[in-house]
Every structure is written in structure tokens, then in C-alpha cells.
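Undergrad: Taken in sequence, the protein lines are chains Z and W. Residue numbers for the first sequence follow the numbering used here, so the first one is 71 and each next one is one higher. Residue numbers for the second sequence follow the numbering used here, so the first one is 71 and each next one is one higher.
Hints are computed from structural coordinates only; laboratory data are not their basis. Mixed in with the good hints there might be a few duds.
Which copy is meant is left open, because identical chains are indistinguishable; a pair holds if it fits in one copy or across any two.
Calculated cross-link-like contacts (lysine-lysine; reagent style DSS-like; alpha-carbon spacing at most 27 angstroms) [stated by the list, open to error]: (1) Lys117 x Lys155; (2) Lys258 x Lys117; (3) Lys258 x Lys87; (4) Lys132 x Lys228; (5) Lys228 x Lys93; (6) Lys132 x Lys258; (7) Lys93 x Lys132; (8) Lys223 x Lys132; (9) Lys258 x Lys228; (10) Lys155 x Lys216; (11) Lys155 x Lys87; (12) Lys115 x Lys258; (13) Lys223 x Lys117; (14) Lys115 x Lys228; (15) Lys223 x Lys258; (16) Lys132 x Lys216; (17) Lys117 x Lys228; (18) Lys132 x Lys87; (19) Lys228 x Lys216; (20) Lys258 x Lys216; (21) Lys155 x Lys223.
Here is what each chain is made of, one letter per residue.
2 protein chains.
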Amino acid sequence: MRRGLVLVVSAPSGAGKTTLCRKLLATDPEISFSVSYTTRRPRPKEKNGVDYFFVDENTFQKMINQGLFLEWAWVHGHFYGTAQKQVEEALTSGRDVLLDIDVQGALQVRQRLGRDAVLVFILPPSLEELERRLRARGTEEEEILKRRLAAAKEEIAKANEFDYLVLNDHLEEAFSNFYAILIAERQKNFRQQELLSRFR
Amino acid sequence: MRRGLVLVVSAPSGAGKTTLCRKLLATDPEISFSVSYTTRRPRPKEKNGVDYFFVDENTFQKMINQGLFLEWAWVHGHFYGTAQKQVEEALTSGRDVLLDIDVQGALQVRQRLGRDAVLVFILPPSLEELERRLRARGTEEEEILKRRLAAAKEEIAKANEFDYLVLNDHLEEAFSNFYAILIAERQKNFRQQELLSRFR
Chain Z
71 MRRGLVLVVS APSGAGKTTL CRKLLATDPE ISFSVSYTTR RPRPKEKNGV
121 DYFFVDENTF QKMINQGLFL EWAWVHGHFY GTAQKQVEEA LTSGRDVLLD
171 IDVQGALQVR QRLGRDAVLV FILPPSLEEL ERRLRARGTE EEEILKRRLA
221 AAKEEIAKAN EFDYLVLNDH LEEAFSNFYA ILIAERQKNF RQQELLSRFR
Chain W
71 MRRGLVLVVS APSGAGKTTL CRKLLATDPE ISFSVSYTTR RPRPKEKNGV
121 DYFFVDENTF QKMINQGLFL EWAWVHGHFY GTAQKQVEEA LTSGRDVLLD
171 IDVQGALQVR QRLGRDAVLV FILPPSLEEL ERRLRARGTE EEEILKRRLA
221 AAKEEIAKAN EFDYLVLNDH LEEAFSNFYA ILIAERQKNF RQQELLSRFR
């Protein structure tokens, strides 16, 4: 049986990461979403255990101390983390896992999992377009928007640590490019040793 | 401008390499076929300058001596080689190149071009299926067939040196998996530096 891989996806807010990830999960039957833990409050439509596991800071801190996280980060005033066990079990049972996490977390996963992790960074066409998209959402105050744009610049500065950069200009094209990465990575030599053993 | 990449494809005879390569060239407008040199005679429908450049042994030997080949090999009693210049020009002008060559040649290209080369090995579902496909062609004598099968085993033994292994069981699926590798590789971080520079 092939060992699973962890597809780690990061992007600045407004690059379209959530849409691409949802579409991937809906398209490919063999990858599943790793539900993260967070200390932030659920937004109106979010469900516990589906979008996140919502926990209090005390619980989160205990989990850190017990070494239960594959990665964790403090982002915009809240904790976010991925449980180690969930991911390890998937890998050893040959299932692929999608992690939608921030740049700090992605780099921790690379450190911990090496080549079992595939790091993808989603880029908007430009900073101007990113600003336009954030404004179009219309839900955010000028102050928050400025903070998100500054954060975006910092995140993009770390994009060079990722394996792949996906340009999200047109959604359909971006999705097929993004999906191709998963399909290609499954065919990497070191993941195909079972196939090769048929010929020995 | 993005630097081009060289997609190097090898496979045992009967794995379906030629069909996959033709389909790739017909599907993707941005990759072109690198026409190899050979000393073997043209088969009925082959055209000089399209399928191969057909040259005599003397000419081929001179080209070797002048260091004009990116790779060359002696296969089944004939010389085959890829001109260095053709490939270099494509890479520096941002065009991707498809090389349909044997295992020896592929490993030489990896040696010479490093990460500019992407090595793909096409595998049949099994040796039994490979034999069945070779027999179904019906054109070959038992002796030649045995020799091809023995050669196939030797080639597959070197598949581990390739970056990707593509299983060709069902053609449509194999093609979309094969094509995904090209699409994914174009998005590799080090090939996307122009995109990233928009944000600096």
C-alpha cells in the first residue's frame, strides 16, 4: 500500500485558498480534510468537528504541553493547531490529507514530515487585486483590511519556502493547476514503490 | 520569462510511450518535441526531420566527437542522440521540450541538466500484459519478442532513477496522470520566480 501524503496549502487571505481546497475535496475521493483546533469563536455557519474543533485556551495550552500538535501557530490573536495523531494515522493507512494552515504552520510541517509533506502556496495575481478582492467582501473595516494586506506581504515573502506556487487568477484554471500537483505527487518515484515491486 | 523544462520520457517497448507523447504534444501548445538523430533506417511512414533526423554512422560519430550531443546511446544495434543546441535554445527561450529517449539517454540528461530535466518512466501494468501487447502487434518474430522482453526487465530495473512513475493501464487515465506531471512541474517554486517577483 502506498504511504499517504500531506498536501499543505497556505495563502494570504483573499487569494482564494478556501475555494480551491473545497473544490479539491469535492473532486478527489482519496483526500480528506484534516480538521484543525482553534481557540477562536465559531463564525455563524461553522460547525464544531467539521470546520474546526473549537476549544478554549486552557485546553489548547495543555495539548501543546502534551506534544499533541504536528504544528501550531498564533495568528491574529488566536491559536490554531493540527493534531499529530490524525495526520500520522492517515499517512500510515495510505490516505492523503489536506491541511489548510498558515505559513508558520506549513514550515513546521515540512520540518516534521520531510518529503511526506507537499507545500503549496496560492498567490493572487497582484497585491492590487488582493486588495480589490478583500474590499469586495465588504465585511471588513479599513483598519482590519490594512492589517490583512500587511500580513499578506509578510506571508508572500515566505512563499519561497514552498514546493509549488499556484497563481489564482482565473478559478477554473487555478483549480486544474492545483489539482495537477496532487495527481503528480502521487506518482513520485518514492511513492510508487509498490507498483515497481510488481516487476521484481 | 520562465526557463523551460525538459520532460524526458522513457519506457520499455509496448508500455504505450509513443501514444502518450503524441497525445501530450497534441494537447499542450507550449511543449514541443525534440527530434532525435539516429543511424537506423526510416520505417515506412517516418519522415526525416519530423520523426528523426536520419544520418549515417560516419556523421553520427563526428557529432559525438564534436560534443554536439546532450545524450546519445547505442540501442538494438543503432545510434540515437539528442542535439545539445536544440534543447539549450528551447530552455533559455522559455519553451518546454519533450524527449522520447531510452533509459541510458535519460540518465545522461539528468546528469547534464540537473533540475531542468524531469524524468518520467511509463510502466505497463505487468510483464505479462507487456508480453500480451507486444504479441498483439503481431509484427515481430519470437526471437525479437524475447529480446524485447528481456530488455524491458533491464529498463524497468532502472526506473528507480526516474522522478515519476506513470502506470499505463487505461490510456485516458494514464494520459491525465502523465499530463498532470507537466502542469505540476511548471508550478515548481524555482520555475515561478518571475511570478514571485511581482510582489517584491
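Undergrad: Indicate which option fits the pair Lys155, Lys223 if close means a Cα-Cα distance not exceeding 27 angstroms: within, between, both or neither.
TA: neither (33 angstroms within a copy, 41 angstroms between copies)
Undergrad: Could you figure out if Lys132 and Lys258 sit no more than 27 angstroms apart (CA to CA) within one copy, between two copies, both or neither?
TA: Neither: 38 angstroms inside a copy, 38 angstroms across copies.
Undergrad: Is it within, between, both or neither when you check Lys155 against Lys216 at 27 angstroms Cα-Cα?
TA: neither (37 angstroms within a copy, 50 angstroms between copies)
Undergrad: Checking an output row: Lys223 and Lys258, CA cutoff 27 angstroms. Within, between, both or neither?
TA: between (32 angstroms within a copy, 20 angstroms between copies)
Undergrad: Should Lys228 paired with Lys216 be assigned to within, between, both, or neither, using CA atoms and 27 angstroms as the limit?
TA: Answer is within: at 19 angstroms inside a copy they meet the 27 angstroms cutoff, but 54 angstroms across does not.
Undergrad: For Lys117 and Lys228, with the copy left unspecified, which applies at a CA distance of at most 27 angstroms: within, between, both, or neither?
TA: neither (31 angstroms within a copy, 50 angstroms between copies)
Undergrad: Using 27 angstroms as the alpha carbon limit, work out where Lys132 and Lys216 are close: within a copy, between copies, both or neither.
TA: Answer is neither: 34 angstroms inside a copy and 65 angstroms across each miss the 27 angstroms cutoff.
Undergrad: When Cα atoms must be at most 27 angstroms apart, do Lys132 and Lys87 count as within-copy, between-copy, both, or neither?
TA: Answer is neither; intra-copy 30 angstroms and inter-copy 55 angstroms both fail.
Undergrad: Could you figure out if Lys115 and Lys258 sit no more than 27 angstroms apart (CA to CA) within one copy, between two copies, both or neither?
TA: Neither: 38 angstroms inside a copy, 35 angstroms across copies.
Undergrad: As a check of your reading, is Lys258 near Lys228 (CA-CA no more than 27 angstroms) within one copy, between copies, both or neither?
TA: both (25 angstroms within a copy, 15 angstroms between copies)
Undergrad: Is it within, between, both or neither when you check Lys115 against Lys228 at 27 angstroms Cα-Cα?
TA: neither (31 angstroms within a copy, 53 angstroms between copies)
Undergrad: Pop the pair Lys258 and Lys216 into one bin, within, between, both or neither, using alpha-carbon distances up to 27 angstroms.
TA: This pair counts as neither: shortest intra-copy Cα distance 41 angstroms, inter-copy 30 angstroms.
Violated hints for the displayed structure, listed by number in ascending order: 2, 4, 6, 7, 8, 10, 12, 13, 14, 16, 17, 18, 20 and 21.
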